[in-house]
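Visitor: Chain residues, written in single-letter form:
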Amino acid sequence: MFSKASKGSLFPYYIWIALFVIAPIVLIVYYSMLDLNGNFTLANYTAFFSSVYLKMTLTSFWYAFLITFFTLLIAYPTAFLLTKTKHKHLWLMLIIIPSWINLLLKTYAFIGIFGLYGPINAFLEVFGLEEQQILFTDFSFIFVSVYIFIPFMIIPIFNSLDKLNPTLVYAARDLGASSFTTFRRVIFPLTIDGVKSGIQVTFIPALSLFMITRLIAGNQVITLGTAIEQQFLVSQNWGMGSTIAVFLIIIMVIIMLLTGQKKGGRA
Amino acid sequence: MKKLSTASKVYLLLVFVVLYAPIFYLIFYSFNSGGSMNNFESFTFEHYEAVFGDSRLLVILINTVIIALLSGLIATIIGTLGAIGIVSIKDKKMRNTLLSLNNVLIVSPDVVIGASFLILFTMIGVKLGFMSVLVSHVAFSIPIVVLMVLPKLLEMNTSLIDAARDLGASRRDVLTRVILPYIQPGIFAGFFLALTYSLDDFAVTFFVTGNGFSTLSIEIYSMARTGISLTVNAISGLVFFVTVLVVVGYYFVTNRTKRAGQEVQR
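Going line by line, the protein sequences match chains A and B. Number 197 in the UniProt record's numbering belongs to position 197 of the first sequence; there are no gaps in the numbering. Number 166 in the UniProt record's numbering belongs to position 166 of the second sequence; there are no gaps in the numbering.
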């Protein structure tokens, strides 16, 4: 299609792939088999399968699952209703703008909002409830994460709903399907790809987020991401950190396969 | 089409309120003369003055912008050339392998990218600081540029290139006068996304920044860890203002190129 000479333009791109895609994976696997003194060992893997790390992995999964679930629960109806609005692309734009504000700033806002003297507690007080510690709880962690992921979940779902041919919906209705059946048998199956990519962009980061856990959940919640950061930057145990990273990569690949879409890409 | 029911409108409104409330909450208290985010005492610009009076913070701001622009530019060049190269590969298997490798960094969790880059830089002996941060940002921005440019290249009619060659254009002319102008919207979108990736990144930078060098995200993190400081609120106000400006600007520029494109086609 394009002239052969343009293959030369791949040179820097190949270097990038070798240095920043392949080498890092190889290095992570290599380091996962080193102990603190740099000797070859499989001790990190045995340690990972001890109860402490397995429990951490499971809780991390549970949190990621809850976060993804609630994000989807809120995002799907939002995306659905957005496609029904008059200026849908303008509204979508308005949904996207908050996702461009730095993540740290949004997280920081919740330190104030959920604070002991913050607006939420002030609101609760109106109803005669005691001030509560909202910050540093599971609830605050999940709430803030859902808040952050909502736009990223809405975008792919919106796109797949937008592509949906409305005549299919009319046909289902004409043939006597109730609106719920239409949704369950026609709309949802046809937009499942959008849902899958939404889950992908939510679940994997939810496993590995560490700044939200640090800032909002105190040290109450430890995710795989927090553990990696801890091992690398605090304990300086790169071997163990790499081992956790290896498992995170494996989990990621599994999720990609599960939520993968059949590629009809052109040749 | 049916009109939205009241319940639907209320639901949408609620989502919008929740999405924007924290941001406006931050900005609102950035004008608070009291030191907290709870009771508003009186209106003041002192926190904004504090941002512009703090030379360390200004250096960090400048660093952040320089890293974003520079990494965006380098990533756009490598990514665009890479995309052109990928399209020129005829072997289907090879092309798909490259595309899969391209997507690895997009789907990888930030923490893993950060940790592996940290190992890489330590091994090669790159000093942690400006260079390591810049290189990392270039590295994780390249795939998104490729993904933005590729569809434009694929939809391009190859007879345009053949025509140019037949009319005697050199390879260089074909690239600069035919291909690049055609895929320009994709390049532009790629650069823009690379910028936002860089400005937004926290986790990767956190791993590879070392001591002494810091970007805005890192600085906000360390400030937020010590508690509430209304200087951070003032930064939010500025960031929000700039974001809206950029969005509006981007909207106009893409609309203009679209219109210009239509005129050319006519």
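Don't read these hints as lab results, they were simulated from the structure. The structure displayed is predicted, hence computed values, not measured ones. Incorrect hints may appear among the rest.
[As the list claims (entries may be wrong)] Over 12 Å on every C-beta distance to chain A, these chain B residues come out as not near it, computed from the model: (1) Y11; (2) E46; (3) N63; (4) V112; (5) F117; (6) K127; (7) R171; (8) P185; (9) V232.
[Claimed, not checked] Below are the EDC-like pairs computed for lysine to aspartate or glutamate, each with C-alpha atoms no more than 20 Å apart in a straight line: (10) B:K90 - B:E46; (11) A:K163 - A:D193; (12) B:K90 - B:D200; (13) B:K9 - A:E125; (14) A:K106 - B:E155; (15) A:K84 - A:D35; (16) A:K106 - B:D162; (17) B:K152 - B:D162; (18) B:K92 - B:E46.
For every residue, glycine included, the Cβ atom is placed at its ideal position computed from N, Cα and C.
Visitor: All hints are to be evaluated individually against the structure, with a verdict given for each.
Guide: Okay, the hints, checked on the actual structure:
The non-interface label for Y11 (chain B) is inconsistent with chain A: the shortest C-beta to C-beta separation is roughly 6 Å, within 12 Å. Every CB of chain A is more than 12 Å from the CB of E46 (chain B) (nearest about 18 Å), matching its label as outside the interface. Every CB of chain A is more than 12 Å from the CB of N63 (chain B) (nearest about 15 Å), matching its label as outside the interface. The beta carbon of V112 (chain B) is not kept farther than 12 Å from every beta carbon of chain A, the shortest such distance being approximately 5 Å.
The beta carbon of F117 (chain B) is not kept farther than 12 Å from every beta carbon of chain A, the shortest such distance being approximately 6 Å. Distance to chain A confirms K127 (chain B) as a non-interface residue, since its nearest Cβ pair spans about 17 Å, more than 12 Å. Residue-level check failed: R171 (chain B) sits 5 Å from the nearest beta carbon of chain A, not beyond 12 Å. Residue placement check: P185 (chain B) keeps its beta carbon more than 12 Å from all beta carbons of chain A (closest about 17 Å).
Here V232 (chain B) does not stay apart from chain A, with its beta-carbon only about 6 Å from theirs, under the 12 Å limit. Among the hinted pairs, K90 (chain B) with E46 (chain B) is inconsistent with the structure: their alpha-carbon atoms are about 61 Å apart, more than 20 Å. With a CA separation close to 11 Å, the supplied pair K163 (chain A) and D193 (chain A) stays within the 20 Å bound. Taken as a hint, the K90 (chain B) and D200 (chain B) pair is broken in the structure, with Cα atoms around 36 Å apart against an allowance of 20 Å.
Distance restraint check for K9 (chain B) and E125 (chain A): the Cα-Cα separation of roughly 29 Å exceeds the 20 Å cut-off, and the hinted pair is therefore not satisfied. Of the supplied pair hints, the one linking K106 (chain A) and E155 (chain B) is violated, its CA atoms being roughly 38 Å apart against a limit of 20 Å. Under the criterion of a C-alpha separation no larger than 20 Å, the hint pairing K84 (chain A) with D35 (chain A) is inconsistent with the structure, at around 57 Å. Pair hint K106 (chain A) plus D162 (chain B) does not hold up; C-alpha atoms about 51 Å apart against a cutoff of 20 Å.
Between K152 (chain B) and D162 (chain B), the direct Cα distance comes to roughly 17 Å. Compliance with the 20 Å bound is thereby established for this hinted pair. With a CA separation close to 61 Å, the supplied pair K92 (chain B) and E46 (chain B) exceeds the 20 Å bound.
Of the numbered hints listed earlier, those contradicted by the structure are 1, 4, 5, 7, 9, 10, 12, 13, 14, 15, 16 and 18.
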